[in-house]
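Take the sequence shown: its letter number 207 is residue 230 in the numbering used here, and every next letter is one higher.
No lab work stands behind these hints, which were simulated from the structure alone.
Watch out, some of these pointers could steer you wrong.
To be verified - Per label pair, the in silico range of CB-to-CB distance:
id, residue 1, residue 2, range
1, W328, H196, 21 to 29 Å
2, L197, P311, 49 to 57 Å
3, G285, S207, 19 to 27 Å
4, R199, S171, 45 to 53 Å
5, D243, L337, 43 to 51 Å
6, T327, A104, 44 to 52 Å
7, K222, R313, 20 to 28 Å
8, T190, R154, 22 to 30 Å
9, D243, G86, 26 to 34 Å
10, S207, P74, 22 to 30 Å
11, D186, T314, 29 to 37 Å
Note that the structure is a prediction, hence the values are computed from the model and not measured.
Don't be surprised by glycine CBs; every beta carbon is placed ideally from N, CA and C.
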Amino acid sequence: MTRAQRATKGPVAVLAAAVAALAVLTAGCGSGGGSDDKGKMSASPGPSTTPPTFIGVFSPERGTTVGTGMIISLDFTRPIADRAAVERGISVTSVPPVEVTGHWFGDERIDLRPARFWRPGTRVTLHLRLRGVRGAPGVRGTQSKDVSFSIGRDQRSTVDVADHIMTVVRDGHLLRRLPISAGSARHTTYNGIMMISEKYAVTRMNGSTVGFGGEYDIPDVPHAMRLTSSGTFVHGNYWSPPQVFGTENVSHGCVGLQDRKGGGADTPAGWFYGESLIGDTVDVVNSPDRTVAPDNGMSGWNLTWPEWTAGSAL
């Protein structure tokens with residue numbers, strides 16, 4: 024099951040879908056000082072006559088084309104006590120072949136990646152063989168499925184907070200240098216490699232969702248792309264004066280690109296949104312903040328390969 028497909032038919036599922044839709048349409052631009060904790064998901068216990076089960080809610084989705092920085096992630100609906108047994112039930116194959124290893128972040132999440140970014144054009148398949156696998160005492164898995172997706176072109180962007188510039192490189196060639204405005208001195212932006220995990224043509228950003236109270240509530244933020252679960256986005260900004268971009272850092276921690284109200288495809292924000300895939304990476308440098316935590320969004324590229332493999336249960 025994907026994060027986008029948890030609901031099934033019926034009144035309860037319709038309500039669940041409505042709640043999920045509201046959740047993704049309300050975001051917050053959070054500073055580097057925000058929480059590094061990823062929101063947890065849980066499943067309500069079934070009736071006493073039904074043995075408890077678990078599933079892994081996975082990303083990316085089947086059939087998608089993603090960037091070379093894609094990290095596969097599974098969030099489990101129940102805490103996993105026997106991590107080794109569950110990890111043995113999860114494997115990744117690819118054409119061309121590459122070694123992929125899992126890294127546990129707590130007892131409800133495992134991420135998987137290779138030692139280096141994926142090669143463009145790679146075909147990847149996630150194999151879930153969790154049906155009947157004991158995840159915890161009395162708790163068994165139910166999934167048995169394959170999820171295939173493709174790796175697209177290699178696009179990597181670097182945000183230099185000190186120079187107020189984002190450099191976009193594709194397949195080793197410079198595409199464009201875009202003026203940006205990052206986090207202010209009070210609300211700094213994380214350093215480190217972050218992965219685009221969600222894209223919204225327009226979304227609401229409310230400061231109360233990331234601990235800023237009523238400092239802002241913008242109902243129509245255009246061209247928003249999530250970098251961390253704690254609220255860091257690259258997004259369009261139509262409310263700041265044009266001269267801010269490339270010269271000042273004024274945000275609450277996000278990376279802002281010039282845009283216009285309603286979003287324009289020909290603006291810097293619109294261009295970057297149109298050229299970006301989920302799985303592309305944004306590397307923030309020269310910020311006074313710390314490096315983003317590897318479990319804050321899909322930020323596992325900030326761990327070395329030995330550090331990453333040390334997080335496997337196998």
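Is it true that D186 and T314 lie within 29 to 37 Å of each other by Cβ? violated, 19 Å
Given the hint of 22 to 30 Å, check if T190 and R154 actually sit that far apart at their C-beta atoms. Check failed, 46 Å falls outside 22 to 30 Å.
So the hint says 22 to 30 Å: do the beta-carbon atoms of S207 and P74 match that? Cβ of S207 to Cβ of P74: about 52 Å, so the range 22 to 30 Å is violated.
Cβ distance range 44 to 52 Å for T327 and A104, holds or violated: Roughly 28 Å apart at Cβ, these two residues miss the hinted range, so it is violated.
If I claimed the Cβ atoms of G285 and S207 lie 19 to 27 Å apart, would that claim hold in this structure? Since the Cβ atoms of G285 and S207 sit about 26 Å apart, the hinted range of 19 to 27 Å holds.
Return holds or violated for the Cβ distance of D243 and G86 against the range 26 to 34 Å. Since the Cβ atoms of D243 and G86 sit about 30 Å apart, the hinted range of 26 to 34 Å holds.
If I claimed the Cβ atoms of R199 and S171 lie 45 to 53 Å apart, would that claim hold in this structure? Given range 45 to 53 Å: violated, Cβ gap about 32 Å.
At the C-beta level, are W328 and H196 separated by a distance inside 21 to 29 Å? Between W328 and H196, where Cβ atoms are some 27 Å apart, the hint holds.
L197 and P311, beta-carbon distance inside 49 to 57 Å? violated, 27 Å
Outcome of range test on Cβ distance (D243, L337; 43 to 51 Å): holds, 47 Å
Has the hinted range 20 to 28 Å been met by the Cβ atoms of K222 and R313? Distance hint for K222, R313 holds at roughly 26 Å.
Of the numbered hints stated above, those contradicted by the structure are hints 2, 4, 6, 8, 10, 11, listed in ascending order.
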